[in-house]
Amino acid sequence: MTRGDKYLAAGILLVAIFALAFPRLQSSLFPMATSSAQAVIKARGKIVREVDLSDRGGRSTLVVNGRVGPSTLEVEGKRIRMKEANCPDKICVRQGWIEKPGDSIVCIPGEILVRIEGAAPLDAVTR
Amino acid sequence: MFSTRRLVFLSLLVALGTVLHVVEGFVSVPLLLPGVKLGLANIVTLFAIYLYGLRAGLAVATARVLLGSLIGGVFLSPAFLLAFSGAIASTLVMALLFKHTSCFSVIGISMAGAIGHNMGQLLAASLILRSSAVFYYLPFLLLAGIPTGLFTGYILMTLLDRLEKADILSGMIRE
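From first to last, the protein sequence lines are chains R and Z.
Note that my numbering has the first sequence beginning at 1, numbered continuously upward.
Note that my numbering has the second sequence beginning at 1001, numbered continuously upward.
Everything labelled a hint here was simulated from the structure, so no lab data went into it.
There could be a bad hint or two in this list.
[As the list claims (entries may be wrong)] Derived SDA-like pairs: lysine to any residue, alpha-carbon spacing no greater than 20 Å straight-line:
1. R:Lys6 <-> Z:Ser1105
2. R:Lys100 <-> Z:Ser1105
3. R:Lys6 <-> Z:Phe1098
[As the list claims (entries may be wrong)] From the derived model, a few chain R residues whose C-beta atoms are all more than 12 Å from chain Z:
4. Tyr7
5. Ala43
6. Ile47
7. Asp52
8. Arg59
9. Gly69
10. Pro88
11. Val93
12. Arg94
13. Gln95
14. Glu99
Glycine included, every Cβ here is placed at the ideal spot set by N, Cα and C.
Construct all of the structure, not just a fragment, from the sequences and the given hints.
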């Protein structure tokens, strides 16, 4: 091993440690910067509401106007559900609560989309 | 193009690399992270760069990945794309360092190649998944690249040493 090799290994090590520490550092220094999950609500293709899903929040409802009339969404702490809807099949209502980033409720007749966004856990591993 | 003599040695290297590529697919390193491999096939790529330069390295790496994934049955699948982008990235990094720097031995170049391989893979994975979430994996892959790069570099160093002592190396490089 030459001296260059050793410097290279040390450099990679430093970068790796920094990369490991950085997200944690960032979240501990700026707790607000890395916000928790958000429910993004789209109706007829446009974002109509963004709701923060945090532990602190209590129970609340909000009404979204879709293509088939108003639908009622309910937020409770970290989770959200479609409480009432005017659509014929009620698939969105029967889906119940969602809470994980990446989860979504879709109401096709009402053209309403609720999707939870936030720091998702790893969803794939390279091999 | 390559002379017949080189072509023969390159073909041998492709065969060697293919075998290592396939065998490595069966063997997973215990204790380590999922997806972390020793990168044995990279030894052959670096050997090709050492002997004949960047073009030969790219030729060997490409042929090796194509043949290896045909044998493994993953041709044109995401696994193939990951292996391919990783191999190309590591070849480029290693050839660059080999040609334009003099402060690294094959061990250092091998380490850089391992890192290049992982970066190339992550880049491909993020494109396939259309998500940058895979980059959370980067520090772990960087850490894993040091020992695996050291290991494969050490193997190549030993190999070069023995070939030199047996007076074979100069014959391989000669046109």
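| task | Output the numbers, in ascending order, of every earlier hint that fails for this structure. | result | Of the numbered hints, 2, 4 do not hold.
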